[in-house]
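S.K.: Please build the complex by placing chain F on the supplied structure of chain R, with the hints as guidance.
Chains as they are written, first to last, in the working numbering: chain R, 1457 to 1747; chain F, 17 to 356.
Because the hints were derived from the structure by calculation, they are not lab data.
Keep in mind that the hints are not guaranteed to be accurate.
[What the hints assert, rightly or not] Facing chain R, from chain F, some residues (calculated, C-beta under 10 Å): (1) Pro68; (2) Gly74; (3) Ala76; (4) Gly80; (5) Ala127; (6) Phe131; (7) Gln140; (8) Pro149; (9) Ala234; (10) Arg240; (11) Glu241; (12) Phe244; (13) Ala248; (14) Glu252; (15) Val257; (16) Thr261.
[Unchecked claim] Straight-line C-alpha distance at most 30 Å; calculated BS3-like pairs for lysine-lysine: (17) R:Lys1630 / F:Lys157; (18) F:Lys238 / R:Lys1521; (19) F:Lys348 / R:Lys1626; (20) R:Lys1605 / R:Lys1655; (21) R:Lys1655 / F:Lys348.
These numbers were taken from a predicted model, which means no experiment stands behind them.
Glycine included, each C-beta is placed from N, C-alpha and C at the ideal position.
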Amino acid sequence: MSDIHNPDAHISAGHPKSSPDQIRAGHPKSGPANGDVIIDCNLHELYYGQFKAVRDTHIPIRKNKITAFIGPSGCGKSTVLRCLNRMNDLVRGFRFDGHVHFQGRNIYDRSIDPVAVRRHIGMVFQQPNPFNMSIYNNVAFGLRLNGYKGSIAERVEQALRRAALWDEVKDKLKQNGLSLSGGQQQRLCIARAVATEPKVLLMDEPCSALDPIATRRIEELMTELKQRFTIAIVTHNLQQAQRVADETGFLYVDTTQGGRTGYLVEYGSSQQIFQDPREEPTKQYIRGEFS
Amino acid sequence: MSTVEEPVSARPPTAGEYAANGAFRWSCYGFGALVVVLLAYIVLEIFRLGWPAMQERGLAFVVGTVWDPNRNEFGILPEIWGTLYSSLLGILIGSVLGVAVAIFLAEGFVAAGVFWVLSRFGLQYTRLWSHFPEQVETFVKTLIQLLAAIPSVVYGLWGIFVVIPAIRPMCNWIHEGLSGIPFFSTALSGPGILPAAIVLAIMVLPIITSISYEALVAVPPKIREASFGLGATRWETILGVLLPTAAPGIFGAILLAFGRALGETMALAMLVGNSNTLSLSLFSPANTIAALLANNFGEAGDREVSLLMYAALVLLIITLVVNILGSLVLQKLVVKEGKR
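Chain F extracted, bound-state conformation:
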């Protein structure tokens, strides 16, 4: 056998290639650092502008319940309460709804239903219709993603003109019957915590659904088979095996949505009532920090700007604390799973 010498085509990288490589690497470092710098700058600037108010008011600003520029009294406790209350409530509704939708999509109920309908007509294997179940499923998934594309001011309008009139009779009926319970102690006269929370729930739905869906789909099929093979029903499998296995992902989804809900501004400013009330009642108007900022910065003088910056810092801290706590829990969930 004769060995034919192939021309050598391998060569070390040229100086130009090294340079391009280095430039790419350094620009990546640069952009990465830019994000950190930008974040630090924003926090620093809010802190700097809020500093005079912090010095002047101290913690009294955080625990005060009155916001009255005429009497020079400023407190944001009702706003802190309203922010947490509306977000938690919104997340509660949104999580139940969002995880349910995620299960519905991940388990292929849509496709199975469409297939069943097609099979009634004997069309399920025809060339034109055979992909229809999957197409419908993708379509429904896309629809839910599209919820994220609706501007929040549109949600606000929809809340005012649709949600509030729709739920008012029922809320007032509940209030009349159960006014002894603190949650129903006031009537719903218009904007309030409950409509705000309902709209928030719908706004966070795409986040919760899409991330939970990914988590559920990522559960290995062999785990599902194991459960079915033991004679578990569909629901026993979903609740006993699939949800626990996907729990870290679902929790992460809820956490992300919570952050979004805490900072949501426009829809809440339109729906929450902008009233400085501290109430447990679901039907009472309230206020949130984000809505306070949005409503007041327009006519704010130097002093008010400082106060608003202080309030913004409080919101930032709340969000940060929620995220850190959430990450800790998430870490615990993942570690528990990872200890194999």
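Chain R extracted, bound-state conformation:
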């Protein structure tokens, strides 16, 4: 796959320059790595071309929990999230030092196909992005990619039910997915993502293009989905993180080295982050002193 995705990602990720010990030593604040950690994300330095976008970010994502990434604009939340299923490989000039372990294996290992990674770690994007095809085919797309042998219709229904969309669309499955409202489209995208039963669902500001009612529905949905899936979510909305997330990581921008480099300031249970933040930037951000 290296002809398709940029080769740099393999090179530096395959040979992290710093040992894991060094990184851990630099991050006493990072949560302890328990056995239920499904993704262990450890980014030492991440570049887009020559731009250092993120540094020193270690976030363990726990199974069947919702982990939120919060922080001001441009702090690299989305970049970190996109590392978790190798979406950044699509960006030319992307490379990083560090590792991302999924169920104990480094997904950036040379032997791992990024396409396979994305089939286990699904993604829901900021803008609802259904394909220009019927609602049914939108959900069935991933199943067909995976060569699913069973009844596709059954799985489509199941996925739409899980996304709390079935009752609204069951009579118009042949209609174009783009005919739905924004909130419905986003739930369709969630259905599309969960249809193939990925282990983890990454959500990149899934509600930022939606109205408050649609947002609430998606939030309710997330709490239901975490029974079956692990969810990592990037959000601008502090209340949202507080409402849905079990764990929260706060990222901030470091401008001291010239350029804007994001880094993890603090990571912990949502309760601790929102009620008893330890770091000064976190305190200020939670109080709403900047955004």
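M.R.: Here is chain F on its own, set in the frame of chain R:
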């Protein structure tokens, strides 16, 4: 707070401005109408000049297969066949090639390749080289556009001296082995349908490539991301999501190219063989309406001019029908997409 009165700088348009505005509007109307009038005039004049032949020959002219002034027999069925056959074949080759090139360019394969080469030397971020991938890509795009700038007589020459000698051994080899199949039933002795179609394909390449490229680039990046995010490979994304989404634009490109191929004259007159043959064989010489017109108008008397005008009208009708059918299909594609 004191309010300082600003001098009023707003005023209604003057009579002169109204006049200029009106003049501009009416001249636009005029030029717009001129196009319509010109088209109507051309069609009318062709019709008028062809009318005597139409009266005399009727539909026998369209279905007749012989063109022999000595025996006073005139029929253009082989030319109609040759026109459609060579254009369809040319479009078929040109579409596959053109859409493939459009994908290649729209997906940034060129830039990615150059970047990869630069990264082998560690030059990819240096001031001098960092824009090189995009520059190469633009250069390749421009090269393909430049194909449109080559005069068609040059294409014809190139076809005669390069394409025909190059493909002849292979064509004759195929003919010897598979002469039972109608498509290969004759040998390629020189000019013929296949070389004409190959050159046509190259001539329509810039049209198909540039319009398909625009259609592919216009597919929102979020759609691509959605597909990759589901774990689709590059090719699954291109074939399953990008091409269907860009289909109306690509179809429009092919339609435009088809119109161009139907009317192409010079290169075909040089390459198609100008022989009144009606054959399925790819290697057989043939003729097209446009080539017939170009080859015969020189020594045409009044009667022949009328016949040629009739033939021109037939070509016009073919082009028109193709365009109307195409627009209908295109409309259907767009409506299907628009029903949201």
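S.K.: Does each hint fit the structure? Answer for all of them.
M.R.: Going through the hints against the structure:
no.: 1; hint: Pro68; in the structure: violated, 53 Å
no.: 2; hint: Gly74; in the structure: violated, 49 Å
no.: 3; hint: Ala76; in the structure: violated, 49 Å
no.: 4; hint: Gly80; in the structure: violated, 48 Å
no.: 5; hint: Ala127; in the structure: holds, 7 Å
no.: 6; hint: Phe131; in the structure: holds, 6 Å
no.: 7; hint: Gln140; in the structure: holds, 7 Å
no.: 8; hint: Pro149; in the structure: holds, 8 Å
no.: 9; hint: Ala234; in the structure: violated, 12 Å
no.: 10; hint: Arg240; in the structure: holds, 8 Å
no.: 11; hint: Glu241; in the structure: holds, 6 Å
no.: 12; hint: Phe244; in the structure: holds, 6 Å
no.: 13; hint: Ala248; in the structure: holds, 5 Å
no.: 14; hint: Glu252; in the structure: holds, 6 Å
no.: 15; hint: Val257; in the structure: holds, 6 Å
no.: 16; hint: Thr261; in the structure: holds, 5 Å
no.: 17; hint: R:Lys1630 / F:Lys157; in the structure: violated, 39 Å
no.: 18; hint: F:Lys238 / R:Lys1521; in the structure: holds, 27 Å
no.: 19; hint: F:Lys348 / R:Lys1626; in the structure: holds, 26 Å
no.: 20; hint: R:Lys1605 / R:Lys1655; in the structure: holds, 19 Å
no.: 21; hint: R:Lys1655 / F:Lys348; in the structure: violated, 40 Å
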